[in-house]
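**Q** Once you have looked at the hints, place chain B with the ligand on chain A.
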Amino acid sequence: MAQDDVLVWVELKDGVVRRSSLEAIGAATQVAAQLNSSVAAVVVGNADQQTLKQLGDAGALRVYRVEGADYVQFEPCRYADALQAVVKQSSPGLILMAATALGKDLSARLAARLRSALATDCIALEVNDGQISVVRPVYAGKLRAKVILSGPSPIVTVRPNTFPVPAAQTNRQPEVTGVTPEVSAVLRKVALRETVYSTGEMPDVSEADIVVSGGRGMKGPENFAMLVELAKLLGGAVGASRSAVDAGWMDHQHQVGQTGKTISPNLYIACGISGATQHLAGMSSSKCIVAINKDPEANIFKVADYGVVGDLFKVVPLMTAEIKRLK
Amino acid sequence: MNIVVLVKQVPDTEAAVRPDSSAPARIVESGIKFIVNPYDEFAVEEAIRIKEAKGGHVLVVTVGPPRAEEALRTCIAMGADDAMRIDDSQLPELDALGRARLLSKAISKSPFDLILCGKQAIDDDLAAVGTFVAEFLELPHVAVVTKLELANGKAICRKEIDGGAQTVELQLPAVITAQKGLNEPRYPALRGLMLAKKKEIAVVTPSSLGISAEELRPSYRVQQLESPPTRGKGKILQGEPETTAVELVRLLREEAKVF
Ligand SMILES: Cc1cc2nc3c(=O)[nH]c(=O)nc-3n(C[C@H](O)[C@H](O)[C@H](O)COP(=O)(O)OP(=O)(O)OC[C@H]3O[C@@H](n4cnc5c(N)ncnc54)[C@H](O)[C@@H]3O)c2cc1C
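Protein chains in written order, with numbering that gives the first Met the number 0: chain A, 0 to 326; chain B, 0 to 258.
Just chain A, same shape as in the assembly:
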């Protein structure tokens, strides 16, 4: 009986399950244990056997599957139709997904359709007396709100890099159920023309474990090559402050902060960034923060776990050289 499952929307990118979705399954598994229910996944798009097994191994007992040419590209309205159909069939007690760009879009549409409580970008999730309660940063991370969600099928999106990826239990084949959605009338008025991914071997800042960021202190676009080199060496991504983006040195996709992306990597290295509150809003939940700044009074040092007071044009290349030497 599927009633009261914790349902997780699993996002595919190029046919591969995103890590943030596995983290959402991890979070779901913890909550399901407290609710005495089980975890079900829903995958929209074309998932192969390997993917289905991966979801089983991660903890999903059931997988609802919506397939077909219409679902290959993410189209939020169509995907909301798909999820709505799955919810209708399974009446989950809770719906979880990662707070990615697509997750945010989809979760809001679904919440409106189901009239379900929505809490986005959560960093903690628990059950008290059968009620779902979450913690989410608000006021750009200046405060944290503890929120109680009520009503049927609350929807929670979880911040990437916050919950652990569940340890894989091998050879758990989930029960797979195909679902065919009804297509909503509004879809006739929307047409997805094109999806382009910016080419680059680097992960997106929102997904990277390590982010090396530059600010106005970088002095010009050409100097970002230094950060790219360090980021590549560490398998990370390059971020930027708004000043660097506004100056045209980096694309907005890289901007970290209140009007940029909110990220929680394991390591954030801020080079030539002063640490304005709007910048901190985007990166202060990073696990380890490093600041390199020539101004010992720079605000960024207040949140840094490690800092170097010095000229980044000297410190960064020396760091890169040292890491290369040790590798």
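Any given hint could be a false lead.
What the hints assert, rightly or not - Every beta carbon over 10 Å from chain B, so not counted as near; a handful from chain A, in silico: (1) GLN33; (2) GLU66; (3) ALA84; (4) ALA111; (5) ASP310; (6) GLU321.
As the list claims (entries may be wrong) - Here are the computed lysine to aspartate or glutamate pairs in the DMTMM-like style, where the Cα-Cα straight-line distance is at most 20 Å: (7) A:LYS52 / A:GLU174; (8) A:LYS323 / B:GLU254; (9) A:LYS326 / B:GLU246; (10) A:LYS188 / B:GLU168.
None of these hints come from the bench; they were simulated from the model. Even glycine gets a Cβ: it sits at the ideal position worked out from N, Cα and C.
**A** Quick look at chain B with the ligand alone, frame taken from chain A:
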């Protein structure tokens, strides 16, 4: 072209917000400067530009207490034509679904071709109200838009996704939420400020919209606001770059174990 812009008044991005000890789900409001939500400013600017290019009318709508009228006046000063405040002072607890319900009902009473709003408010950071309104009114919708073109009753939008962008075409009327990059909001001119001061702002109540308090009962309830845990004092290295760079790498490897 009739354009409706949804705006919210929020604490200034620089404001030091702290929980109110007598009402821990709220912040202390005294001494705080309130502004138009920065993402909503992009929406207002876009609406005014469309009006300037094609003609039309821009109505700004907010759900908020009387102080929120100041945000509406800022929008008028920028170039919006009319403003409406849906009074929520009798509803101590209102969640995003409730706000969207009020907004949808109020908007549906007059004709419109386009609804614009910011992609998120910087107080609750929920990123949902625009989408909720679109779903409630069953309108086509695109969120997080950085480019908008209008032609032949259609909107062509560029939308940000992780690591890329999508181009989406919508039939009007439609709902679009604005992301930074859409435009550069203008500062109000003196003439606009004078106009805004005198502007009559329509005030409506939930009951005048035919919505009962029961229907607005929140399913998202803030129980408590807290400051995030403070970070321990960091190790700050000073000295010659040759030494500090090497020591930093050592600390990151051996102590923090991050690579
Ligand atoms: C509504 C709003 C939204 C905003 N959103 C964002 C956002 O999303 N993200 C964001 O980042 N900002 C945002 N800002 C802007 C923010 O307030 C700051 O202006 C911005 O973060 C400053 O960028 P910066 O630290 O790169 O530049 P600066 O503040 O100019 O700092 C440059 C730093 O580089 C250091 N430096 C210079 N040369 C060197 C060197 N050779 N070696 C080492 N250090 C050096 C300096 O000491 C200084 O600390 C927003 C502002 C507003 C009003």
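**Q** For GLN33 (chain A), which was marked as not at the interface, is the minimum beta-carbon distance to chain B over 10 Å?
**A** 18 Å, holds
**Q** Quick one, are LYS326 (chain A) and GLU246 (chain B) close enough, alpha carbons at most 20 Å?
**A** 16 Å, holds
**Q** Is the nearest Cβ of chain B still more than 10 Å from the Cβ of ALA84 (chain A)?
**A** Holds, since 16 Å exceeds 10 Å.
**Q** Does ASP310 (chain A) really sit off the interface, with its C-beta more than 10 Å from all C-beta atoms of chain B?
**A** Violated, because the least Cβ-Cβ distance between ASP310 (chain A) and chain B comes to about 7 Å, which does not exceed 10 Å.
**Q** Could you check that no beta carbon of chain B comes within 10 Å of the beta carbon of GLU66 (chain A)?
**A** At roughly 21 Å from the nearest Cβ of chain B, GLU66 (chain A) sits farther out than 10 Å, so the non-interface label holds.
**Q** Given the hint that LYS52 (chain A) pairs with GLU174 (chain A), does the C-alpha gap stay at or below 20 Å?
**A** 10 Å, holds
**Q** LYS323 (chain A) and GLU254 (chain B): Cα distance at most 20 Å?
**A** 19 Å, holds
**Q** Are LYS188 (chain A) and GLU168 (chain B) close enough, with their CA atoms no more than 20 Å apart?
**A** 8 Å, holds
**Q** Quick check for students: does the CB of GLU321 (chain A) sit more than 10 Å from each CB in chain B?
**A** 4 Å, violated
**Q** So ALA111 (chain A) supposedly isn't at the interface. Is its beta-carbon more than 10 Å from every beta-carbon in chain B?
**A** Violated: least Cβ distance 3 Å, not greater than 10 Å.
The earlier numbered hints that this structure contradicts are 4, 5 and 6.
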